[in-house]
Structure formats: structure tokens, C-alpha cells
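Protein chains in written order, with my numbering: chain A, 1 to 111; chain B, 1 to 111; chain C, 1 to 143; chain D, 1 to 143.
No lab work stands behind these hints: they were computed from the structure. Glycine included, each C-beta is placed from N, C-alpha and C at the ideal position. Keep in mind that a hint or two might mislead.
Cross-link-like lysine-lysine pairs, in silico, BS3-like; alpha carbons within 25 Å at most [to be verified]: (1) C/Lys79 x C/Lys64; (2) D/Lys6 x D/Lys90; (3) B/Lys87 x D/Lys83; (4) D/Lys137 x C/Lys64; (5) C/Lys6 x D/Lys83; (6) B/Lys10 x B/Lys75; (7) D/Lys137 x C/Lys6; (8) C/Lys12 x D/Lys59; (9) D/Lys64 x C/Lys6; (10) A/Lys87 x C/Lys137; (11) C/Lys12 x A/Lys90; (12) C/Lys134 x A/Lys30.
Output of the computed footprint for chain C on chain D, the stretches with three or more beta carbons under 8 Å from beta carbons of chain C [claimed, not checked]: (13) 1-11; (14) 15-26.
With the C-beta cut set under 7 Å, the calculated list includes, among others, these residues of chain B facing chain D [claimed, not checked]: (15) Gly18; (16) Asp21; (17) His22; (18) His23; (19) Asp55; (20) Gly64; (21) Arg84; (22) Ile85; (23) Gln86; (24) Ser92; (25) Leu95.
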Amino acid sequence: MQINYKIINKNLIIDFNGELDHHTASDIRKQVDELYSEKMLHNIILDLDNLNFMDSSGIGLIMGRYKTVSQNGGKVCLINANNRIQKILKMSGILKIVHVYDNLNEALDNI
Amino acid sequence: MQINYKIINKNLIIDFNGELDHHTASDIRKQVDELYSEKMLHNIILDLDNLNFMDSSGIGLIMGRYKTVSQNGGKVCLINANNRIQKILKMSGILKIVHVYDNLNEALDNI
Amino acid sequence: MQNNMKLVIPSKSQNEAFARVVVASFASQLDPTIEELADVKTAVSEAVTNSIIHGYENKIGEIKIECIIEGNMLKIVIKDNGKGIEDVDKAMEPFYTSQPELERSGMGFTVMQTFMENLFVESSETGTKIVMTKEFKNTSTEE
Amino acid sequence: MQNNMKLVIPSKSQNEAFARVVVASFASQLDPTIEELADVKTAVSEAVTNSIIHGYENKIGEIKIECIIEGNMLKIVIKDNGKGIEDVDKAMEPFYTSQPELERSGMGFTVMQTFMENLFVESSETGTKIVMTKEFKNTSTEE
Ligand SMILES: Nc1ncnc2c1ncn2[C@@H]1O[C@H](COP(=O)(O)OP(=O)(O)O)[C@@H](O)[C@H]1O
Ligand SMILES: Nc1ncnc2c1ncn2[C@@H]1O[C@H](COP(=O)(O)OP(=O)(O)O)[C@@H](O)[C@H]1O
Numbered sequence: 001m002q003i004n005y006k007i008i009n010k011n012l013i014i015d016f017n018g019e020l021d022h023h024t025a026s027d028i029r030k031q032v033d034e035l036y037s038e039k040m041l042h043n044i045i046l047d048l049d050n051l052n053f054m055d056s057s058g059i060g061l062i063m064g065r066y067k068t069v070s071q072n073g074g075k076v077c078l079i080n081a082n083n084r085i086q087k088i089l090k091m092s093g094i095l096k097i098v099h100v101y102d103n104l105n106e107a108l109d110n111i
Numbered sequence: 001m002q003i004n005y006k007i008i009n010k011n012l013i014i015d016f017n018g019e020l021d022h023h024t025a026s027d028i029r030k031q032v033d034e035l036y037s038e039k040m041l042h043n044i045i046l047d048l049d050n051l052n053f054m055d056s057s058g059i060g061l062i063m064g065r066y067k068t069v070s071q072n073g074g075k076v077c078l079i080n081a082n083n084r085i086q087k088i089l090k091m092s093g094i095l096k097i098v099h100v101y102d103n104l105n106e107a108l109d110n111i
Numbered sequence: 001m002q003n004n005m006k007l008v009i010p011s012k013s014q015n016e017a018f019a020r021v022v023v024a025s026f027a028s029q030l031d032p033t034i035e036e037l038a039d040v041k042t043a044v045s046e047a048v049t050n051s052i053i054h055g056y057e058n059k060i061g062e063i064k065i066e067c068i069i070e071g072n073m074l075k076i077v078i079k080d081n082g083k084g085i086e087d088v089d090k091a092m093e094p095f096y097t098s099q100p101e102l103e104r105s106g107m108g109f110t111v112m113q114t115f116m117e118n119l120f121v122e123s124s125e126t127g128t129k130i131v132m133t134k135e136f137k138n139t140s141t142e143e
Numbered sequence: 001m002q003n004n005m006k007l008v009i010p011s012k013s014q015n016e017a018f019a020r021v022v023v024a025s026f027a028s029q030l031d032p033t034i035e036e037l038a039d040v041k042t043a044v045s046e047a048v049t050n051s052i053i054h055g056y057e058n059k060i061g062e063i064k065i066e067c068i069i070e071g072n073m074l075k076i077v078i079k080d081n082g083k084g085i086e087d088v089d090k091a092m093e094p095f096y097t098s099q100p101e102l103e104r105s106g107m108g109f110t111v112m113q114t115f116m117e118n119l120f121v122e123s124s125e126t127g128t129k130i131v132m133t134k135e136f137k138n139t140s141t142e143e
């Protein structure tokens, strides 16, 4: 599991590559939180296009980022979630607090 | 494991697709021998281009075909063997009795 | 079709991915769809993760995974000798987690229930056993 | 890096491919090259096939596969409770096979020896145990 990131106006965009489970989540969490606080950013956009696997540890990770970011007045949103991942997201009810957009442009326009 | 075949002048050309081990070899053996005898063919050319795995069961299969075919006055040859498969072929000494050609045309010209 | 396998691994988190791959590779005998295979992988990931973080609480113990194929049915049994679940009914409720500080969502059992057909949980102070089954639709009948 | 796993499968020929995949997937923790992974797969295939056709002679018995990672070393132990090998030295000679009628080439042990670093064979009337080791070159040292 590997992440890449870019920053577009105070939005931290995280690009996931690989499999998100309990083993990989703790490392990812640390990296994302560090980037977010170090660079004093506002929103987080999680790009799930190259995420090949996600279990409920992913839900925990998204909820955790939601807590941090919303304490800071920001928002978390998801882009490029495939059907498989949408299924788990729906099940978890997380879509009530975190928006899913089709792609990055849509997310940047609406966040 | 799946095979496709074509016939060019009395040469039976067998195209391997998949993994050749003890489990798959017995079925392949039956299919090849049936084709060879039913259609009264002379030589067998084994195309290993899409063979993803081969263990010593493959050596047994090639030796077995060599026996049948040479009793009939024909030859067996191999084409498109990758480095990996060449390594096993060399180890087995089978290259003394079975020729390896780079491709089908070369095999058809020289068999 | 009839086959089975038993896998024993230590409760290290890097084995979560390994366990998923092994079960998926075993299940591939049943000609599963990509969706069915992903269901099985996800359910196995949840159960194995639970043994690691809740059962053994990050101490190292053994996790046993058994798979049985009968016809087009796959049965998966995942066992640990960890501390067990005190109240199974409560544990199975969506969103219940005993470890929110680890960013657990409490959705593990819900995921297993949704992606598999049957889920059976047996637990005591000496460990936990999860039994899950799934029927595969388009199965080749060769042995 | 330290890890291990135990796999038990029935001696059915369709499990030859499964055994290869499981061991290769476990070995992938050591960041192997494609070549190293193919070496391991081929050696495992030979040993498992031998247990199926020679050890159990196509009756169904159990095959145990154990893998141990210590540093950048992989140790693979493959055991059956089959009929055993009477003369191990003779069995290990290239081209020797007790079953030429099955189109065996007698190259199984030679393949294991060539593709792995050490090969150790122990056999009695109650079964056969093969121990093979391989060191991997470019290993990440993370736990
Ligand atoms: N193998 C286990 N051993 C001990 N406790 C467990 C085990 N599996 C689950 N539990 C308990 O059940 C609770 C709910 O599990 P689950 O629905 O998977 O959510 P989560 O893993 O996110 O906490 C856990 O928080 C834990 O208290
Ligand atoms: N697990 C085993 N149980 C009993 N006999 C075995 C076993 N493995 C190998 N043998 C014996 O050793 C011989 C040589 O084995 P091998 O080099 O793998 O060649 P092959 O499998 O082609 O016969 C076999 O023919 C068999 O007689």
C-alpha cells in the first residue's frame, strides 16, 4: 500500500494505491495526519481509483479523518469509488457525513 | 490449462495456454495423442509461448510424445520456449532428442 | 466438487493480506465471479483482523483457517485462542466496537454478514470461532 | 523479518496448483524476483506431486506444508504419511523413476535441488519429509 498526494488550494488530495486493511491503515493514517497538520490544510479528498481492496478498516480510517478535519472546520470527500467500495461505504452509513464525487474536478467545485 | 491446435501439412501444432503440471498433463496427453493418431499426422510442434508454468511433468509429457512420434518416423520440436522453460529443458537433457526453434516458421522450415 | 484445506498463521497483521489471498485462491476452484471472490476476501479479512486485534490484542497467537468445499458451497472456519467475546449479541450489533481508540468502525461482523450467506459465532474465555458459508452460482461440476 | 505458516491439504492433484500459489504468496513478503518466485513454485510443485503420486499412490491422504521465514531465508517443509522411499540415494538420482508408465521423467528431485539451495529428504515406511531452503537476495528488512 502506497499513497501519493497533491495539494490544490488548502485541499489535501490523497491517492491510494494498493490494499487498505488493518495492517496498512495505521501507516496511512499517520502519513495523512502529518501532511494535513504540517501544511495547515483545510479539506481532504480521498482518491480511491487505485484502491484494489478495502475492508471495514477503511471505514474506520475515513471516519477518523472526518473527525480531525471537521474539528478544523473542513470537509472530507471521496472520489473515484468503484462499485465494490461503494457497497461497503453504503453499508456503513458513512455517506451521511462524507460526500462521494465522481472525479477530482467535481470534488473541487463542490467541496 | 487449455490447448489449441492447428495442422499444417501433417504437422500437428499444439498451442499451450496455462500451467503444465501433473494435474493438467494427463488430460493434455490424451488430447494430443488423439489428435495425432486420428488425423494420421507426422510431426508434433509444441508452442510454449503461453505456457505460464511447467515442472518436470512437462518433461515427462514431451518425452512421452517423442516416443510415440518417433515410432511413427516423425519428430517433436518446441517453439517459443522462454528462459524459464529453457532452464528446465536443459536440466533434463531432453534437448538432445527434441529441437527448440525460435518460432513456427523456423520450425516448419527445419523439421 | 469436494476439497478442503487448513491454514495456521501467527496473528501478525501482515498475514491479513496473506490469509485473504489463500482463501480466495482456494475458492477459485468454484469458478467464482470477481464480485463473489471480493466478498470472500473481505469477510476473511474482517475475521482475521478481529482475531489479531481483539482476540490476541496484538500478542502473538495462532489463527486457524479451515475451508471446506462441498458441491458449490464454501464453508470457512476461522478460530483463535484469544480472550473471547463476552457478549456476542452486542458485539454483532452494527457500529459496536470495544476499541474505538484504534479507529475501528464496529462494522466487521456486519460486513461478514452482508458478504457471506451464513455467519455463526461461538466464543468463550478460551477463544473465538467464526463459521461462514457462501454458495457460488456458476460452478463447473468437474472434480 | 520472521513469519511462518502451516498448510494442510488432501493429496488431490488439483491442489498442486493451489500449494504453489500459497507458498509463492507467502514468499512474496521477501520481495523475491520473478525468477526466485518461479524457482520456489517449481520446487513445491515437484514435492507435492511426489506425495500425491508416489507417497499416497493416488489414495487420499494429508500433505502438510510448512514455511518459515527467518531474515531473508525461506525454509519449506513438505510432509506426507505415504509409503515412503526405500532407497533415498537411488531416488534422488537424475532420471530414476519408479513410475515410468505414468510418464514421470525422474527429474523431480533434480529440479528441487537445482532451484533451491538445500534439499534434505527423510523417509521411512510411515512417510516422507522434504526440507528445502532458499535465500532471497533483495529483501526489505521491515517486520
Ligand atoms: N476474535 C475476537 N476475539 C475477541 N473479541 C472479538 C473478536 N471478534 C470480535 N470481537 C469483539 O466484537 C466487537 C465487534 O467486532 P466487529 O463488528 O468486527 O467490529 P470492530 O472490529 O470494528 O470492533 C469487537 O470490537 C470486539 O470487542
Ligand atoms: N513422497 C514420496 N513418497 C514415496 N516415494 C517417493 C516420494 N517422492 C519421491 N519418491 C520416489 O523417488 C522417485 C524419484 O522421484 P523424482 O525425482 O521426483 O522423479 P519422478 O517423480 O519423476 O518419479 C520416485 O519415482 C519415487 O519412487
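Now the hints, each set against the structure:
1. C/Lys79 x C/Lys64: Holds - the C-alpha atoms of lysine 64 of chain C and lysine 79 of chain C are around 5 Å apart, at most 25 Å.
2. D/Lys6 x D/Lys90: violated, 30 Å
3. B/Lys87 x D/Lys83: violated, 31 Å
4. D/Lys137 x C/Lys64: violated, 31 Å
5. C/Lys6 x D/Lys83: holds, 23 Å
6. B/Lys10 x B/Lys75: Measuring from Cα to Cα gives roughly 11 Å; hence the hint holds.
7. D/Lys137 x C/Lys6: violated, 30 Å
8. C/Lys12 x D/Lys59: At roughly 36 Å apart (the allowed maximum being 25 Å), lysine 59 of chain D and lysine 12 of chain C break the hint.
9. D/Lys64 x C/Lys6: holds, 9 Å
10. A/Lys87 x C/Lys137: holds, 20 Å
11. C/Lys12 x A/Lys90: violated, 29 Å
12. C/Lys134 x A/Lys30: With Cα atoms ~36 Å apart, lysine 134 of chain C and lysine 30 of chain A exceed 25 Å; violated.
13. 1-11: That given contact holds, which follows from 8 residues of the stretch 1-11 of chain D lying within Cβ reach (below 8 Å) of chain C.
14. 15-26: holds (count 6)
15. Gly18: violated, 10 Å
16. Asp21: Hint holds; aspartate 21 of chain B Cβ to chain D Cβ min 5 Å, cut 7 Å.
17. His22: holds, 4 Å
18. His23: Cβ of histidine 23 of chain B sits 4 Å from chain D, so the hint holds.
19. Asp55: With a minimum Cβ separation of about 4 Å from chain D (threshold 7 Å), the hint on aspartate 55 of chain B holds.
20. Gly64: This interface hint holds because 4 Å falls under the 7 Å limit.
21. Arg84: holds, 6 Å
22. Ile85: With a minimum Cβ separation of about 10 Å from chain D (threshold 7 Å), the hint on isoleucine 85 of chain B is violated.
23. Gln86: Cβ of glutamine 86 of chain B sits 12 Å from chain D, so the hint is violated.
24. Ser92: holds, 5 Å
25. Leu95: This interface hint is violated because 13 Å lies over the 7 Å limit.
Hints 2, 3, 4, 7, 8, 11, 12, 15, 22, 23 and 25 from the list above are not met by this structure, while the remaining hints are.
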